Structure formats: structure tokens, C-alpha cells
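There are 2 protein chains.
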Amino acid sequence: MKAVGLITEYNPFHNGHIYHLRKAREITGANVVVVVMSGNFTQRGEPTILNKWQRTQAALENGADLVIELPTFMAVQPAHRFADGAIRLLAALQVPSIVFGAEHPDWDFDQFVQAEAHFMKDGFARYNATFATQFNQELKQATGHTLTEPNDILAFAYHKAIVKQRVGIKPVAIARQGSQYHDQSITGTIASASAIRQAVLGGRPVDQVVPKQTANDLSHLDSIPDWQILYPLLRNYLIQAPIGELQTIYQMTEGLEHRMKRAAQQSLTFNQFIRQLKTKRYTYSHLLRLCFYTVMQMREDQVQMHLQQPYLRILGFSNDGRQYLHTIKKRVSLPLITKCGQAERDHLLNLDYRAGKLYQLFTPYEQDLKRAPVMISGSGTVKE
Amino acid sequence: MKAVGLITEYNPFHNGHIYHLRKAREITGANVVVVVMSGNFTQRGEPTILNKWQRTQAALENGADLVIELPTFMAVQPAHRFADGAIRLLAALQVPSIVFGAEHPDWDFDQFVQAEAHFMKDGFARYNATFATQFNQELKQATGHTLTEPNDILAFAYHKAIVKQRVGIKPVAIARQGSQYHDQSITGTIASASAIRQAVLGGRPVDQVVPKQTANDLSHLDSIPDWQILYPLLRNYLIQAPIGELQTIYQMTEGLEHRMKRAAQQSLTFNQFIRQLKTKRYTYSHLLRLCFYTVMQMREDQVQMHLQQPYLRILGFSNDGRQYLHTIKKRVSLPLITKCGQAERDHLLNLDYRAGKLYQLFTPYEQDLKRAPVMISGSGTVKE
Numbered sequence: 007m008k009a010v011g012l013i014t015e016y017n018p019f020h021n022g023h024i025y026h027l028r029k030a031r032e033i034t035g036a037n038v039v040v041v042v043m044s045g046n047f048t049q050r051g052e053p054t055i056l057n058k059w060q061r062t063q064a065a066l067e068n069g070a071d072l073v074i075e076l077p078t079f080m081a082v083q084p085a086h087r088f089a090d091g092a093i094r095l096l097a098a099l100q101v102p103s104i105v106f107g108a109e110h111p112d113w114d115f116d117q118f119v120q121a122e123a124h125f126m127k128d129g130f131a132r133y134n135a136t137f138a139t140q141f142n143q144e145l146k147q148a149t150g151h152t153l154t155e156p157n158d159i160l161a162f163a164y165h166k167a168i169v170k171q172r173v174g175i176k177p178v179a180i181a182r183q184g185s186q187y188h189d190q191s192i193t194g195t196i197a198s199a200s201a202i203r204q205a206v207l208g209g210r211p212v213d214q215v216v217p218k219q220t221a222n223d224l225s226h227l228d229s230i231p232d233w234q235i236l237y238p239l240l241r242n243y244l245i246q247a248p249i250g251e252l253q254t255i256y257q258m259t260e261g262l263e264h265r266m267k268r269a270a271q272q273s274l275t276f277n278q279f280i281r282q283l284k285t286k287r288y289t290y291s292h293l294l295r296l297c298f299y300t301v302m303q304m305r306e307d308q309v310q311m312h313l314q315q316p317y318l319r320i321l322g323f324s325n326d327g328r329q330y331l332h333t334i335k336k337r338v339s340l341p342l343i344t345k346c347g348q349a350e351r352d353h354l355l356n357l358d359y360r361a362g363k364l365y366q367l368f369t370p371y372e373q374d375l376k377r378a379p380v381m382i383s384g385s386g387t388v389k390e
Numbered sequence: 007m008k009a010v011g012l013i014t015e016y017n018p019f020h021n022g023h024i025y026h027l028r029k030a031r032e033i034t035g036a037n038v039v040v041v042v043m044s045g046n047f048t049q050r051g052e053p054t055i056l057n058k059w060q061r062t063q064a065a066l067e068n069g070a071d072l073v074i075e076l077p078t079f080m081a082v083q084p085a086h087r088f089a090d091g092a093i094r095l096l097a098a099l100q101v102p103s104i105v106f107g108a109e110h111p112d113w114d115f116d117q118f119v120q121a122e123a124h125f126m127k128d129g130f131a132r133y134n135a136t137f138a139t140q141f142n143q144e145l146k147q148a149t150g151h152t153l154t155e156p157n158d159i160l161a162f163a164y165h166k167a168i169v170k171q172r173v174g175i176k177p178v179a180i181a182r183q184g185s186q187y188h189d190q191s192i193t194g195t196i197a198s199a200s201a202i203r204q205a206v207l208g209g210r211p212v213d214q215v216v217p218k219q220t221a222n223d224l225s226h227l228d229s230i231p232d233w234q235i236l237y238p239l240l241r242n243y244l245i246q247a248p249i250g251e252l253q254t255i256y257q258m259t260e261g262l263e264h265r266m267k268r269a270a271q272q273s274l275t276f277n278q279f280i281r282q283l284k285t286k287r288y289t290y291s292h293l294l295r296l297c298f299y300t301v302m303q304m305r306e307d308q309v310q311m312h313l314q315q316p317y318l319r320i321l322g323f324s325n326d327g328r329q330y331l332h333t334i335k336k337r338v339s340l341p342l343i344t345k346c347g348q349a350e351r352d353h354l355l356n357l358d359y360r361a362g363k364l365y366q367l368f369t370p371y372e373q374d375l376k377r378a379p380v381m382i383s384g385s386g387t388v389k390e
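Residue numbers (our numbering), protein chains in the order written: chain D, 7 to 390; chain W, 7 to 390.
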């Protein structure tokens, strides 16, 4: 069997993702599509509009064969760590190539990686600009290009992770179809995930741009997952916890604990809070992730320990996916998890379990304990 | 000027409280009524249906002259500590007597205090019954009576605190009017606070049993303060915090941290949670207070430190109240606080401030920082 790997969030799963799944098979000649997907919180630190089981179901019904959860401590991370985690899992899953969308699929991302290795030797010294701004000034000088589009940034991160980990995965960039990430319009049959979320928030129809499964799930939302709803939990924790405790939160650097406590005391809404927190030094994504680490009480030592114990949590598979797992099983170096029992809840999967409990603010359904993988009969290939 | 002291919660302020204020003047001949009142959380560990400023206003408009907040660390406590705190403040305020309602005002509570001093010498050994059950078995043997009604229990606690603190305050018990604490009907012009809260929850009219100010405030509630609304904050904290951290919470004894974490993981609603937590060993009130300490992250050392730094936080006064304060000012041994500035927020009043922030789940209004006392012109005496 020949596999190809995809790295996804599916927030939510839409027609552009179906195109991506088909194109990956077509380009690589693979007959098994292995998908690594963020769980209930995204790389940006936001709760997903549909839960990980709903998104797994939609992916399996539309061309995926095996869906693996990117663990919370790898998923809710800046692009380079997100990519690094996903590549580790896909390498363990013996995937010979990955296919991903990029705004500039023709760029020589390997050249960018070499350029960065050179100009990053001394680090960045300015504190009044984000990391991204300083990075791009250097990259522009070295290559004539800047990384500003989200999928270009991830494409670069995948190349870098492959080089760093010295794994034999071939990265294949393809053009994104139909709409850009920032494009908020819904016309035709493909729209960006972000545009779809906005449409759902606004009560506008999205049936033309998502498959049936997603449309159905979106029409039965108990509440729309959102930081507004999580904010009272974050706010109370920031107010009640001593400063010394806040300082131990993962990525709580440069006195941000004081800014966060003060902003929480003074802000009744999340919008107010995050605006008060924002400085030129940090992007919104960075701050959203920090909010997530805080409400989860994630600590530096905890994250480091978990990063040294990666695993393959299977969210679902087709017949082909199951067969593929069977053929590679003996060569897989990471633990394969099909069920979260009490031991996993308290140890290996503890952070995913806790993220799932936080996510229960939006849904009554248990997200981890004793949940069995989604299984669909037949192959993931969509019949046309 | 001659003062009398009342110890109250006013949850909410109703016609029975007006009777209490009048009766206190009448019996003692006092012309100034000094009221010590719980803040935004009650002795039982529940958020008050109206905030402390609304309840202060209602009290001042209906016969009180001076309203002092019983600090959080004294108010949200079992009856004996609640009484102990209130008596400390009233003694500092130079009050020669207190008047309180009791279900059995004719009982010789001083005799009960002596009996208890005797039978408590060896402590209680049984772990399958609440403290109250074991206490009453002993009291019954010694005096022929049992303390089961809430106001009898408080009456006993006031006597005990006065004896213990050796202060020259005369305790005067009066009969409660109109309805008992557990009586849930609203007939006539007096109903219990508990019956009034139930009526508000059920959307039934309460105008006949509360003064205008209370009726007006109750008809403009943003949301009805309730543990159901606080539960997501408590739940997430219990799930995310390490067991070792939960163990440091005030009154977290005998492995309750494990029971609480497990119950939080498994319960989506507060009712489910508290039922799962309940054992014969603990009363609901004890557990509700523990929930409050937990969501506030109150720690043993913090509470002990605050208990050694009591203060008189003035929530409001009438002209007579202000004059009374003026006459006693030089002899008052505790700090008199009229405003919570940044220093008070971070130190002396820190727990009250944090409780107020928690209470902001129910109201957009800042509860402490820079709030000025309620002032009403004229005396607290109600003109008939």
C-alpha cells in the first residue's frame, strides 16, 4: 500500500479539503491518505467550531483513510512547533510524502530554510517588533521573498521540520483552490474555513461549500465555540491565582502575568481583555495560545515532559486505513492509542483529556474517556 | 448616642428585617442601629441575590444607620466563626448590645455554652456523622434541647463568641415574625429570605413582602446569582489544577480534593456535582463553602493572615450613623475603611476584592475598587 500524509485542522471540514484529499492521491499515486489533525483546539489557540469526532467523521466520509490527533501540546503551538510535531507523527506512520496547500507553491522553500539557518545564528535583539517582522526583514534580504500568508508559513515550517528531523518525507506544495485564507466571501463551492465560521456565526447558509456531514453538524450546534464563552474561566483564574503561580505557566514570559492579571481585573469581555493585552511585541495568535495555556494551567515542565512522549492517537479509519495500520504496525516506533482509559487520562493523554473537558463547555459529550475511533466501511476514496 | 448591633445577611432585605430593625430600637432604647452584613457571598457559601450595595441601600432606607461589611474570610464560615467575626467587629464599634431573631428566644443559651465547654473537651471521634449530629447528641444529654433551627444555632454562636472574647455585649434574642426559615410560602407581609429567593427564581411576585427598594432591584436582575453559573469556573479549576495544588485550599481535608476532582470530571451541572460530593460526613453548607474557597483559590495561610487583620469596611451610613462614627472614631481599635484603593485591593481587602470580581459574573458593576459608601440623609429611623 502506498500512503500520503496531510496535516490539517479541518475547522470545519469543507469542500476545499475534499479537493486537497483528491489531489494528494492524484499527485502521489497513493491509495491510503493519512491525516494528522488538531484536536478540539487549533494552532491559533481557539476552540474548533466542530469537535474532533465530528471532523474525523467528515474527513473519513470524504476521502481520508486514517485520522490521527495531533496532541494538544503539539497542536496549540507556533507554526514551527506545530509542523515539527506533525512531521514526527507522519514519519512514525511511515508516510513517504506529504501534500499541502500554499499561497506560493512554486517557491523554493528549501532555500528559505538554508537562508534562515544562516541569519538566525545570532537571534533577534529588538523587543518592539514581533518575531515574524524581524524574520521577514532578514528573509527578504536573503531571498527576495517574505512569508506573510499562513499556508506559506506552514509550508516553510514543514520543509524545516523535515530537514531538522532528517526524515525521508517528500514535501509537495499545491496551489490553494477557490479562496484565500483571508477571503471572507462565500461564492462558488469553495470558501475558506474562516469565511465559513463567520457565515455560521452570522447565521448565513454554508451548504454550498461544505459536505453533507459538516452541514448537518453545523446546523445542530449547542453553542458556537468561542473565547467569549471561555473568558469567565480564564478571567477568574487570572484574578484568583497568585502572581507566582501565573509565572509558572508555559510561555508566560517578560512579565506578561502582570499584564494579564490587570487586564482580567478590568475587562468584562474577552474582546476588551485581548485588546488591552496586545502590544507590538506579540501577535494575537501568540496571546490566544497563552490564554489557552493559562486556562489549562499548562506548565513548562509538563509540556516538555509530554513533548518527549509523543503518541499516535487514532481518531478514526476506513477499511484501507485499518489495513495500512496493520501493515506498518510492527515498524511503528510510537505508542498507538485507540482508546483513552483511566491510565491514559491521568498520564500519557492527560493534556488532551483536560482540553476535552474544557471543550465540554460547548458540548455535553465526553471527548476522550472510553471513546472508540470512528470506523467507516469501504475505502476513503470518494466514488465520483 | 446609644447604639445597638445587628448581624445580618439581608439576602435579600425584606419586611421581616424592617421589623427586626424597629424591634431592636424599641427593646434597647437605642437611637443608632449598627448593622454588620455579609458581602456578596453568604455564610452558606452562596452568592447573594442582590449585591452588597443594593442591600446596604435598602437597609439604610428602612432603619439602619451604619452598614459594615463582614469580610469574606469571616462571613463565608461555619456559624461559630461567622459569629466570632461579627462580634469582633461590633465590639470594636462599641456596641453595648445585639438583638437577633431565634426560633427559641426563651432558651438559656449561656447554659448551652457552658455545657458545650464541658462535653467538647475530648472532641468527637466518629467520622460517619456530621459535626452537628454529634454535637446535638451531647447537648441533648446535657440540657434536654437540640440546636437544629438555623437562628437558634446562630444565637448560640453569638453567646459563645461573647463569652470567648470577654466583651461587654448583651445578647438579646427575639422571636422571629411571620415565617420560619424553611417555610417557603408567601402569605401576609412577612416571608423568609429563602421563600423570597424561591419566588424570584419562579417568577412569582414578592412586592408584598419586601420594601420598594428591594422590589425594584429584584425586578432588574441581569441574571439570578447561583452556583449553576459559577460551576464552569469551579469545574475547570478542579480539572486543570494538580492534586497537590488543590490540597492547599482552605478546609480541603481528608482527601476531599480527590472526590472533588473526580466529581468535576464527571459532572456537567452543579446539582450533579454536589450530589456526587455529598457524604454523611459533610453538610451541604460545608461543601458549598469549600466550593467557594476553591473557586477563590483561598489558602489556609492566606485566611489565617487575614483573620489576624480585621477591619471595618463601611458600606453606607445615615446622618446618625455618620455622627455615631464620629463620636467613637478615636476609640475604635480596627482600621476604618471607606474606600478600596489599589493598596487595599492588593492587601487588606484582597479577598473581598476577589470575591467581588467573582460576583461580576452576575453584574457588570465593579464591586469594590473606588466605590464610595452609600449615604442617605436623615436618620435611619423610619417615619411611620
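Hints should not be assumed to be uniformly reliable.
To be verified - Calculated cross-link-like contacts (lysine-lysine; reagent style BS3-like; alpha-carbon spacing at most 27 Å):
1. W:335 / W:286
2. D:286 / D:146
3. W:267 / D:376
4. D:286 / D:335
5. W:29 / W:8
6. D:345 / D:335
7. D:127 / D:146
8. W:345 / D:267
9. D:170 / D:8
10. W:376 / W:345
11. W:127 / W:8
12. D:336 / D:286
13. W:267 / D:345
14. D:267 / W:286
15. W:267 / D:267
Said to hold, decoys possible - Example chain W residues on the side facing chain D (calculated, C-beta under 7 Å, incomplete):
16. 100
17. 200
18. 238
19. 239
20. 245
21. 246
22. 249
23. 302
24. 360
25. 363
26. 367
27. 370
Honestly, the hints are just simulated from the structure, not real lab data.
Since this is a predicted model, take the numbers as computed values, not measurements.
By construction, the Cβ of each residue, glycine as well, lies at the ideal position given by its N, Cα and C atoms.
Hints, verified against the model:
This hinted pair does not check out: residue 335 of chain W and residue 286 of chain W have alpha carbons roughly 47 Å apart, beyond 27 Å. In summary, the hint linking residue 286 of chain D to residue 146 of chain D is supported, as the alpha carbons are separated by about 20 Å, within the 27 Å threshold. About 18 Å separates the Cα atoms of residue 267 of chain W and residue 376 of chain D, which keeps this hinted pair within 27 Å; it holds. A distance of roughly 47 Å separates the Cα atoms of residue 286 of chain D and residue 335 of chain D; the hinted pair therefore is violated under the 27 Å criterion.
Note on residue 29 of chain W and residue 8 of chain W: the hinted pairing holds, with a Cα-Cα distance of about 15 Å set against a maximum of 27 Å. Under the criterion of a C-alpha separation no larger than 27 Å, the hint pairing residue 345 of chain D with residue 335 of chain D is consistent with the structure, at around 16 Å. Between residue 127 of chain D and residue 146 of chain D the alpha-carbon distance is near 17 Å, which keeps this suggested pair within the 27 Å criterion. Distance hint between residue 345 of chain W and residue 267 of chain D is fulfilled; the C-alpha atoms sit about 22 Å from each other, no more than 27 Å.
With a CA separation close to 24 Å, the supplied pair residue 170 of chain D and residue 8 of chain D stays within the 27 Å bound. Simply put, residue 376 of chain W and residue 345 of chain W have alpha-carbon atoms about 6 Å apart, close enough for the 27 Å limit, and the pair holds. Proposed proximity of residue 127 of chain W and residue 8 of chain W is contradicted: the alpha carbons are some 39 Å apart, above 27 Å. Pair hint residue 336 of chain D plus residue 286 of chain D does not hold up; C-alpha atoms about 49 Å apart against a cutoff of 27 Å.
A hinted pair counts as satisfied when its Cα atoms are at most 27 Å apart, and residue 267 of chain W with residue 345 of chain D qualifies at roughly 22 Å. Under the criterion of a C-alpha separation no larger than 27 Å, the hint pairing residue 267 of chain D with residue 286 of chain W is inconsistent with the structure, at around 39 Å. Taking the CA atoms of residue 267 of chain W and residue 267 of chain D, the gap is about 25 Å. The hint holds against a cut of 27 Å. Contact between residue 100 of chain W and chain D, as hinted, is not supported at the beta carbon level, the nearest pair being about 36 Å apart and thus beyond 7 Å.
Against a cut-off of 7 Å between C-beta atoms, the interface hint on residue 200 of chain W is violated, since the closest Cβ of chain D lies about 27 Å away. For the restraint placing residue 238 of chain W at the interface with chain D, the shortest Cβ-Cβ distance is roughly 6 Å, inside the 7 Å limit, so the hint holds. Because the smallest distance between the Cβ of residue 239 of chain W and any Cβ of chain D comes to about 5 Å, under 7 Å, the interface hint for this residue holds. With 7 Å as the threshold, the beta carbon of residue 245 of chain W comes within range of chain D, its nearest partner Cβ sitting at about 5 Å, so the hint holds.
Annotation: interface hint on residue 246 of chain W holds; nearest CB of chain D at approximately 4 Å, less than 7 Å. Restraint check, residue 249 of chain W versus chain D: the minimum CB separation of about 10 Å is more than 7 Å; hint violated. The closest approach between the C-beta of residue 302 of chain W and any C-beta of chain D is roughly 6 Å, which is under the 7 Å cut-off, so the hint is satisfied. Because the beta carbon of residue 360 of chain W sits about 6 Å from the nearest beta carbon in chain D, less than 7 Å, this interface hint is met.
A least Cβ separation of about 5 Å between residue 363 of chain W and chain D falls short of the 7 Å threshold, and the interface hint therefore holds. Hint on residue 367 of chain W holds. Least Cβ distance to chain D is approximately 6 Å, under the 7 Å limit. Interface hint at residue 370 of chain W: satisfied, since its Cβ lies 6 Å from the closest Cβ of chain D, which is below the 7 Å cut-off.
The structure shown violates the earlier hints numbered 1, 4, 11, 12, 14, 16, 17 and 22.
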